[in-house]
Amino acid sequence: MKIKNNIAVSDNGFVFNPASGESFTVNQVGLDILNMLRKGEKQETIVQQLSEKYQADTAVIERDFSDFQAMVKQYHLHQNEE
Amino acid sequence: MTAKARYERPLIKKLESNMPNKFGMRTEFEPVTHIDGVSVASLIADYGSPVFILSEQKIRHKFKAARQAFEARYPRVQFAWSYKTNYLSAVCNVFHQEGSWAEVVSGFEYDKAIRHGVDGSNIIFNGPDKTEEDLRKAITNNSLIHIDHLDELYMIQEIARETKQKPKVAIRVNMDTGIYPMWDRFGFNYENGQAWDALNKIMFSGLLELVGLHTHIGTFMLSPNAYAIAASKLANLAQRVQQKYGHEIKYIDMGGGFSSHNTLKGAYLPGIDTNPSIDDFAEAITSALMNSDYRPKTPPLLILETGRALIDEAGYLLGSVIANKRLSDGRRATILDVGVNLLFTSFWYDHKITPAQEFTSYTEDTVLYGPLCMNIDVVRENISLPLLNKGDKVVIHHVGAYNMTQWMQFITLRPNVVMIDMDGKPHLIRKNESIDSIENLEEIPPHLSHFEL
Chain A
37 MKIKNNIAVS DNGFVFNPAS GESFTVNQVG LDILNMLRKG EKQETIVQQL
87 SEKYQADTAV IERDFSDFQA MVKQYHLHQN EE
Chain B
221 MTAKARYERP LIKKLESNMP NKFGMRTEFE PVTHIDGVSV ASLIADYGSP
271 VFILSEQKIR HKFKAARQAF EARYPRVQFA WSYKTNYLSA VCNVFHQEGS
321 WAEVVSGFEY DKAIRHGVDG SNIIFNGPDK TEEDLRKAIT NNSLIHIDHL
371 DELYMIQEIA RETKQKPKVA IRVNMDTGIY PMWDRFGFNY ENGQAWDALN
421 KIMFSGLLEL VGLHTHIGTF MLSPNAYAIA ASKLANLAQR VQQKYGHEIK
471 YIDMGGGFSS HNTLKGAYLP GIDTNPSIDD FAEAITSALM NSDYRPKTPP
521 LLILETGRAL IDEAGYLLGS VIANKRLSDG RRATILDVGV NLLFTSFWYD
571 HKITPAQEFT SYTEDTVLYG PLCMNIDVVR ENISLPLLNK GDKVVIHHVG
621 AYNMTQWMQF ITLRPNVVMI DMDGKPHLIR KNESIDSIEN LEEIPPHLSH
671 FEL
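Which chain is which? The protein sequence lines are A and B, in order.
Under this note's numbering, the first residue of the first sequence carries the number 37, and numbering increases by one thereafter.
Under this note's numbering, the first residue of the second sequence carries the number 221, and numbering increases by one thereafter.
Please keep in mind that the hints were generated in silico from the structure rather than gathered at the bench.
One or more hints might be untrue.
[As the list claims (entries may be wrong)] Lysine to any residue pairs mimicking SDA-like chemistry, simulated, CA-CA at most 20 Å apart:
1) B:Lys-234 with A:Gln-79
2) B:Lys-234 with A:Gln-115
3) B:Lys-470 with B:Trp-416
4) A:Lys-40 with B:Lys-234
5) B:Lys-645 with B:Gly-257
6) B:Lys-304 with B:Gly-337
7) B:Lys-233 with A:Pro-54
8) B:Lys-464 with B:Asp-417
9) A:Lys-109 with A:Asp-93
10) B:Lys-233 with A:Val-45
11) B:Lys-233 with A:Gln-84
12) A:Lys-109 with B:Ala-553
13) B:Lys-233 with A:Asp-103
14) A:Lys-40 with A:Met-107
[Stated by the list, open to error] Partial list, derived from the structure: chain A residues whose beta carbon lies under 8 Å from chain B:
15) Met-37
16) Asn-63
17) Val-65
18) Gly-66
19) Lys-89
20) Tyr-90
21) Ala-92
22) Asp-103
23) Phe-104
24) Ala-106
25) Met-107
Glycine included, C-beta positions come from ideal geometry on N, C-alpha and C.
Could you put together the complete structure from these sequences and hints?
Take a look at the structure:
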């Protein structure tokens, strides 16, 4: 999943969608995921990097990543796959 | 090697820029990690999850404050502990140690009070269901019987005639105090003359000793003025009895129904900020009594049967997160091991719920479900909580009233109840149930004892 190119993400977790005018906040782990998604990183890489940075089981990170992705989709911040 | 950072599940939250939340409820991310100095984690480790915790310190503190509120305003005050609110023996005995009589509403509760060692003359027997056996016992023990209906009155007169005893009685009076709904199913109505009629029957028969007048106008009352109206009406009845029969009513029992700090569902602001205090109720009741025209030689004893306001805040229910999930509309749902089976009052209140461990200030709007496989098992329809994970502990506040008497043995078993004493030492006061506690009461007919599948 990739994030739409026009979505602005600030360093302190403020997210803005200029197309809809909607704003969001993300916490630190959410910010890390968004930044990696914007770079086009795959799920395995993201989970791997998070498990290196944070104290958490890979299974927990995987589960939470899926949930986060679902919310990103719900808020229409993702690019539709070709 | 550098230490890894603390993990928190990822959150993305939409910022709402429209109308502010009119309910204005605060977000509960401040953890409550200890109760009376005992850590929540150790209580759960020692007694399991879920577990009810009662603070003896808070019970006594609340009781003393309530007594002071009334005694500072009126010369003769007596509290009677409302057993139905919480009849665990340890709880009742704290109130009895503080000087409370017992107020019971069934034969079961009556026997419990006797077992606790309460003298029969210090038991107030209320309620619509008193069997002949109950009444005989109460009359022999010199208890104060509050008559609910004429059938009961006639039965007491019959027993009095037969046993040559003179039962001590009061009548329960219902009335319009300007609140809705008006509780007219208990006792005799004031406005239509039923109450006066019952008093005349008692006085004319000469078989019973009319000692008091009782009312109980509602539950979780938010209007102290309703009590002022009720007290005036009872004082008026007492005055009429004095005028007509030269008989002095010894006590006026104003019942209970005072609100606690809980927040009623649909309330705009937290109950702790908006509900009247015990002083507000005391001021309304005592002023009405003092300003009434009833002037006996000795002021009537003022009896209060308040339950909820004295124990709600002393009760906590500790639980754990079973799982997190998403609902179809994207809302967060969290499943706890505490449901409506243990938290009956969640049908009435938006209970305050706090985490029992530290979190960041990020929160999420969450629906809190209980563990029952039943759609109505909702603890909070909407609450803003930190990012709870499976296994995290939560503290549910203000659960001391009614939950430990109205709890259900449905699907699962009732948990331990622990009381933390004045020195911060926990004591088990009701053991958790086992499958044997339930099955020992069952019997299987011989033809149903075997089957083959």
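Quiz item: How about A:Lys-89: closest beta carbon in chain B under 8 Å, or not?
Solution: holds (6 Å)
Quiz item: Are A:Gly-66 and chain B close enough, Cβ to Cβ, to be under 8 Å, as the hint says?
Solution: At about 4 Å, which falls below the 8 Å cut-off, the nearest Cβ of chain B leaves the hint on A:Gly-66 intact, so it holds.
Quiz prompt | Straight-line alpha-carbon gap B:Lys-233 to A:Gln-84, limit 20 Å | solution = violated (24 Å)
Quiz item: Can the restraint linking B:Lys-233 and A:Val-45 be considered satisfied, given a maximum Cα separation of 20 Å?
Solution: holds (13 Å)
Practice problem: Would you check whether A:Asp-103 satisfies its interface hint, that is, whether its CB is within less than 8 Å of any CB in chain B? | Solution: holds (6 Å)
Quiz item: Does A:Tyr-90 pass the interface hint, meaning its C-beta sits closer than 8 Å to a C-beta of chain B?
Solution: At about 4 Å, which falls below the 8 Å cut-off, the nearest Cβ of chain B leaves the hint on A:Tyr-90 intact, so it holds.
Practice problem: Measure nothing beyond the straight line between the CA atoms of B:Lys-304 and B:Gly-337; if it is 20 Å or shorter, mark the hint as holding. | Solution: Between B:Lys-304 and B:Gly-337 the Cα gap is close to 18 Å, so the pair holds against 20 Å.
Practice problem: May I ask you to test the interface hint for A:Met-107 with respect to chain B, counting a Cβ-Cβ separation under 8 Å as satisfied? | Solution: holds (5 Å)
Practice problem: Verify the proposed pairing of A:Lys-109 with A:Asp-93, using a straight-line Cα cut of 20 Å. | Solution: Answer violated: A:Lys-109 to A:Asp-93 is near 24 Å, above 20 Å.
Quiz item: Taking only the CA atoms, is the gap from B:Lys-470 to B:Trp-416 under or equal to 20 Å?
Solution: holds (17 Å)
Quiz item: Does the alpha-carbon distance linking B:Lys-645 and B:Gly-257 stay inside the 20 Å limit?
Solution: Holds, at roughly 9 Å.
Quiz item: Are the Cα atoms of B:Lys-233 and A:Pro-54 separated by 20 Å or less?
Solution: holds (16 Å)
Hints 1, 9, 11, 15 from the earlier list are contradicted by this structure; the remaining hints agree with it.
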